[in-house]
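S.K.: Please work from the sequences and hints to get the whole structure.
Chain by chain, the residues run as shown.
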Amino acid sequence: MRLTLLVSTALTALLVAAAPAAAQAPAPTAPEKVFRYAYRVDPASLDPHALAETFTLSWLGQVYEPLVGRGKNLELVPALAEKWEQVDPTTWRFHLRKGVKFADGTPFTADDVVFSLQRVKKDGSDMAYTVASVTDIKKVDDHTVDLVMAKPNPILPVQITSTYIMSKDWAEKNGATAPASVKAKVENFASTNANGTGAFKIDTRQAGVRTVLVPNPNWWGDKTSNVTKVIFTPIQADATRVAALLSGEVDMVYPVPQQDAARIDGSGNAKVLKGAELRTMFLNMDQKRDELHTSDVKGKNPFKDKRVRQAIYQAIDMEAIKDRIMGGTSHVAGTMIAPGINGYDAKLDSRTAPYDPKAAKQLLTDAGYPDGFSFTMDCSNDRYVNDERICQAIVGMLGRVGLKVNLNAQTRSKYFEKVLARDTSFAMLGWQPLSYDAHSTLQDTMNTPEGKIGTYNIGNYSNPKIDELTQKIEVEVDPAKRNALIFEAMMLSKDDYSHIPLHQAGIAWGVRKGVNAVLRSDDSLELKWVTLD
Amino acid sequence: MSFLLGRLGQTVLVLLVASFVAFALFRYVGDPVNNMVGQAASMADREAVRRALGLDDPMVVQFARFIGNALRGDFGISYRFGQPVAALIGERFPATLELSLISMVIATGLGVPLGVWTALHRGSVLSQVLLAVSLVGVALPTFLIGIALILIFSVGLGWLPSFGRGEVVALGGWTTGLLTVSGLKALVLPSVTLGVFQLALIMRLARAEMLEVMRTDFIRFAKARGLKPRAIEYRHALRNTLLPVITIVGLQFGNVFAFSIIVETVFQWPGLGLLVIQAIQFADVPLLAGYLVLIALCFAVINLAVDLAYVAIDPRVRGSRAAGRAT
Numbered sequence: 001m002r003l004t005l006l007v008s009t010a011l012t013a014l015l016v017a018a019a020p021a022a023a024q025a026p027a028p029t030a031p032e033k034v035f036r037y038a039y040r041v042d043p044a045s046l047d048p049h050a051l052a053e054t055f056t057l058s059w060l061g062q063v064y065e066p067l068v069g070r071g072k073n074l075e076l077v078p079a080l081a082e083k084w085e086q087v088d089p090t091t092w093r094f095h096l097r098k099g100v101k102f103a104d105g106t107p108f109t110a111d112d113v114v115f116s117l118q119r120v121k122k123d124g125s126d127m128a129y130t131v132a133s134v135t136d137i138k139k140v141d142d143h144t145v146d147l148v149m150a151k152p153n154p155i156l157p158v159q160i161t162s163t164y165i166m167s168k169d170w171a172e173k174n175g176a177t178a179p180a181s182v183k184a185k186v187e188n189f190a191s192t193n194a195n196g197t198g199a200f201k202i203d204t205r206q207a208g209v210r211t212v213l214v215p216n217p218n219w220w221g222d223k224t225s226n227v228t229k230v231i232f233t234p235i236q237a238d239a240t241r242v243a244a245l246l247s248g249e250v251d252m253v254y255p256v257p258q259q260d261a262a263r264i265d266g267s268g269n270a271k272v273l274k275g276a277e278l279r280t281m282f283l284n285m286d287q288k289r290d291e292l293h294t295s296d297v298k299g300k301n302p303f304k305d306k307r308v309r310q311a312i313y314q315a316i317d318m319e320a321i322k323d324r325i326m327g328g329t330s331h332v333a334g335t336m337i338a339p340g341i342n343g344y345d346a347k348l349d350s351r352t353a354p355y356d357p358k359a360a361k362q363l364l365t366d367a368g369y370p371d372g373f374s375f376t377m378d379c380s381n382d383r384y385v386n387d388e389r390i391c392q393a394i395v396g397m398l399g400r401v402g403l404k405v406n407l408n409a410q411t412r413s414k415y416f417e418k419v420l421a422r423d424t425s426f427a428m429l430g431w432q433p434l435s436y437d438a439h440s441t442l443q444d445t446m447n448t449p450e451g452k453i454g455t456y457n458i459g460n461y462s463n464p465k466i467d468e469l470t471q472k473i474e475v476e477v478d479p480a481k482r483n484a485l486i487f488e489a490m491m492l493s494k495d496d497y498s499h500i501p502l503h504q505a506g507i508a509w510g511v512r513k514g515v516n517a518v519l520r521s522d523d524s525l526e527l528k529w530v531t532l533d
Numbered sequence: 001m002s003f004l005l006g007r008l009g010q011t012v013l014v015l016l017v018a019s020f021v022a023f024a025l026f027r028y029v030g031d032p033v034n035n036m037v038g039q040a041a042s043m044a045d046r047e048a049v050r051r052a053l054g055l056d057d058p059m060v061v062q063f064a065r066f067i068g069n070a071l072r073g074d075f076g077i078s079y080r081f082g083q084p085v086a087a088l089i090g091e092r093f094p095a096t097l098e099l100s101l102i103s104m105v106i107a108t109g110l111g112v113p114l115g116v117w118t119a120l121h122r123g124s125v126l127s128q129v130l131l132a133v134s135l136v137g138v139a140l141p142t143f144l145i146g147i148a149l150i151l152i153f154s155v156g157l158g159w160l161p162s163f164g165r166g167e168v169v170a171l172g173g174w175t176t177g178l179l180t181v182s183g184l185k186a187l188v189l190p191s192v193t194l195g196v197f198q199l200a201l202i203m204r205l206a207r208a209e210m211l212e213v214m215r216t217d218f219i220r221f222a223k224a225r226g227l228k229p230r231a232i233e234y235r236h237a238l239r240n241t242l243l244p245v246i247t248i249v250g251l252q253f254g255n256v257f258a259f260s261i262i263v264e265t266v267f268q269w270p271g272l273g274l275l276v277i278q279a280i281q282f283a284d285v286p287l288l289a290g291y292l293v294l295i296a297l298c299f300a301v302i303n304l305a306v307d308l309a310y311v312a313i314d315p316r317v318r319g320s321r322a323a324g325r326a327t
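Protein chains in written order, with the UniProt record's numbering: chain P, 1 to 533; chain Z, 1 to 327.
Just so you know, these hints were derived from the structure itself, not from any lab. Glycine included, every Cβ here is placed at the ideal spot set by N, Cα and C. One thing to keep in mind: the hints can contain errors.
To be verified - Below are the DSBU-like pairs computed for lysine-lysine, each with C-alpha atoms no more than 30 Å apart in a straight line: (1) P/K306 - P/K347; (2) P/K271 - Z/K185; (3) P/K304 - P/K494; (4) P/K33 - Z/K228; (5) P/K528 - P/K513; (6) Z/K185 - P/K229; (7) P/K528 - P/K271; (8) P/K513 - Z/K228; (9) P/K465 - P/K304; (10) P/K404 - P/K414; (11) P/K274 - P/K528; (12) P/K418 - P/K304.
Claimed, not checked - Sample of chain Z residues lacking proximity to chain P, with all beta carbon distances greater than 10 Å (derived): (13) L15; (14) W117; (15) L126; (16) I150; (17) A224; (18) R230; (19) L251; (20) L274; (21) V301; (22) I302.
M.R.: Below is the structure:
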């Protein structure tokens with residue numbers, strides 16, 4: 001008897017004393033507006049300068065802010081800078097917003113901007129490329145900062161929309177003045193804690209499991225959102241993520257696999273928001289080696305022959321891929337940049353030559369390959385939407401014109417290791433310029449690889465004219481002239497079949513009834529625009 | 001005592017070999033560097049990261065460095081999370097241990113009685129049905145069972161959560177979901193999913209062993225002596241049935257613990273399985289190394305525990321035969 005009493009007392013004491021470490025979101029009660037959402041993965045780090053990865057940056061954008069932000073249609077909008085101007089061709093001046101405070105209450109000044117941008121340039125930062133053109137960061141007064149460049153950079157504001165500003169005091173106090181880098185081999189306070197000026201701040205977080213955010217009471221912006229608490233959970237398995245939405249355990253999930261879209265729409269308590277990605281999928285052909293290392297053709301490289309590249313282009317039916325694999329949600333691409341990317345022109349975005357297997361066969365015959373030839377295609381199977389299935393379809397289509405393609409589809413870490421080492425003849429890749437500007441597509445995927453340039457030009461395509469145009473685009477200040485240069489460069493690539501653009505995949509978000517969210521084509525969920533009925 | 005020391009020595013050897021094999025395999029998981037830098041990093045930047053992490057050193061050098069650090073309790077920093085590996089594993093360990101314990105309790109608690117019962121009631125309709133159902137449990141892939149349970153109990157009926165661990169209570173460094181209602185509810189589907197295969201296995205094993213034992217001479221003699229069937233079945237036969245069942249339960253516990261990966265992925269259970277699947281996708285070498293050492297350690301400890309259980313249950317095992325058993 002006494003023992004039972006003792007045990008039950010002890011248990012009660014335990015239950016009362018132990019604080020719940022994490023709660024699984026009970027149903028929202030009347031005054032509290034809780035928004036629960038799930039994405040495929042967790043942000044890699046809370047350090048805003050540690051990893052230039054699209055989702056991590058998008059997620060951190062709820063907590064941290066850049067100088068220049070993006071609106072609902074990706075247009076530039078004032079964020080921590082109220083306005084910006086080019087005082088001379090090599091100096092951008094940013095007029096900072098006044099009265100802004102960080103989540104911990106410290107005021108935001110020019111010192112924080114200078115500190116943050118210097119931090120971005122430090123070793124171990126993955127964001128240094130955004131301010132690579134900047135040679136000097138000058139504080140003019142407490143609310144004005146000048147960024148000085150060696151040569152004109154017309155797109156600096158576009159490049160820094162994910163370059164977030166941290167508090168100098170906070171970083172210094174917590175020993176986080178350098179970016180969190182695994183190279184440092186020590187833990188960095190900033191990778192597990194955050195203090196930004198954004199609309200929300202982190203309440204509790206267990207990496208990889210669950211993060212609770214609450215509105216930042218010090219936020220300067222207009223409070224569209226009526227959410228009082230946000231619970232973010234990564235849910236890796238597609239089926240579970242969709243089930244969690246359908247069972248009402250979360251209010252929003254993304255990405256939604258396209259085969260589940262109809263089920264969600266038909267459930268009556270949730271719907272699917274749709275858009276197209278900014279990432280263009282395309283094929284790369286090795287155009288450098290004198291002999292393809294995976295082919296039965298010896299002594300020459302068939303991909304150096306434009307007719308062969310055109311034949312491959314005409315052999316691939318992008319519309320069929322759209323209908324049969326992408327569920328009709330993709331946007332067939334005529335060029336290497338997506339609608340929404342700066343420099344996009346609808347005139348570029350149509351097929352260079354029609355889908356025509358007969359013509360393709362003829363082109364191959366003309367080029368001296370009447371019976372086709374063989375080569376290996378590299379493909380990822382867990383990086384892009386339906387990547388392996390797209391590659392399988394392409395292998396089949398090329399087979400119909402006599403090209404014998406061996407598919408090598410593997411996991412992303414194996415795939416990128418192989419193709420970045422240029423150990424490939426033919427590979428599918430996707431590219432979304434982090435600056436949402438065509439210059440990045442040209443420089444990183446189409447220019448002759450050298451040093452920092454052309455890292456993802458996996459086929460080593462080289463066209464001096466495109467290289468030259470890219471350099472002009474980099475410094476051209478006049479937007480109309482700049483767009484004309486982009487058009488010219490993209491046209492050259494099209495005419496030369498330098499790469500084979502395929503499509504932009506569809507974006508799908510599953511949203512519960514009563515939840516209003518804005519689907520932006522960069523797949524970024526902005527909590528500040530979420531409202532609950 | 002010398003038995004115990006001998007086993008400890010073996011354990012250390014097993015750990016060394018396991019981590020060596022792990023390191024030999026790491027170069028096949030791919031290049032972590034491309035996951036650790038953004039798309040703007042140049043090839044030279046990537047090479048610099050690779051050098052700084054010592055990834056281009058020969059495998060033996062990397063292994064020696066790992067052992068040296070591990071001996072000082074330092075398992076390095078996870079590439080993906082930027083946090084110490086030991087802390088990450090420690091944080092996730094309770095979730096997986098609770099899940100696998102509960103599922104083994106379900107599997108053993110139901111499997112042994114059902115197995116014994118079907119053995120004693122051979123030929124009855126119910127035992128035929130139970131056997132047929134258990135076959136389904138062995139044959140169905142875990143993820144299918146998990147998804148089916150989610151669809152029925154979360155989406156359809158709305159009774160149980162489809163993901164996560166519910167509300168957990170922190171007791172010092174340990175987090176438990178056993179003390180809250182939502183935590184217990186969250187445990188149901190994953191532990192059942194994880195336990196189904198084990199349940200079927202244990203049931204069929206217990207049945208086979210029971211049938212075997214019932215055919216032995218000493219049971220026949222016991223019957224001849226006129227002992228009550230109940231006493232024969234549950235005192236004499238059952239004890240002899242349990243020995244191999246315990247071995248399997250022990251080893252299967254290791255399996256359940258180490259390979260809860262699928263169940264944890266399906267239910268987004270924040271345990272080691274989920275951590276390690278992310279580590280594999282990311283080629284997070286320090287985390288994988290730490291995890292594999294832990295798993296090897298678990299298997300070694302379980303083996304040891306099984307051996308000790310043998311000694312406790314079966315007096316005949318004491319002596320020279322002990323060292324050779326259940327390795």
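S.K.: Take the hints in turn and mark each one as holding or not.
M.R.: Verification of the supplied hints:
1. P/K306 - P/K347: holds (22 Å)
2. P/K271 - Z/K185: OK: P/K271 and Z/K185 at ~28 Å, within 30 Å.
3. P/K304 - P/K494: holds (15 Å)
4. P/K33 - Z/K228: violated (67 Å)
5. P/K528 - P/K513: It holds: about 18 Å lies between the C-alpha atoms, which stays within 30 Å.
6. Z/K185 - P/K229: Holds, at about 24 Å.
7. P/K528 - P/K271: Satisfied, since the Cα-Cα distance of roughly 20 Å is no more than 30 Å.
8. P/K513 - Z/K228: At roughly 66 Å apart (the allowed maximum being 30 Å), Z/K228 and P/K513 break the hint.
9. P/K465 - P/K304: holds (17 Å)
10. P/K404 - P/K414: Holds, at roughly 23 Å.
11. P/K274 - P/K528: holds (20 Å)
12. P/K418 - P/K304: holds (21 Å)
13. L15: Correct as stated: the minimum Cβ-Cβ distance to chain P is 23 Å, above 10 Å.
14. W117: Given a closest Cβ separation of 32 Å, the condition holds.
15. L126: Non-interface label on Z/L126 holds, nearest chain P Cβ at 34 Å vs cutoff 10 Å.
16. I150: violated (5 Å)
17. A224: Given that every Cβ of chain P is farther than 10 Å from that of Z/A224, nearest at about 45 Å, it holds.
18. R230: Holds, since 31 Å exceeds 10 Å.
19. L251: Non-interface label stands for Z/L251: nearest chain P Cβ at 28 Å, farther than 10 Å.
20. L274: Given a closest Cβ separation of 7 Å, the condition is violated.
21. V301: holds (26 Å)
22. I302: Z/I302 clear of chain P: closest Cβ-Cβ about 27 Å, beyond 10 Å.
Checked against the numbered hints given earlier, the structure breaks hints 4, 8, 16 and 20 and satisfies all the rest.
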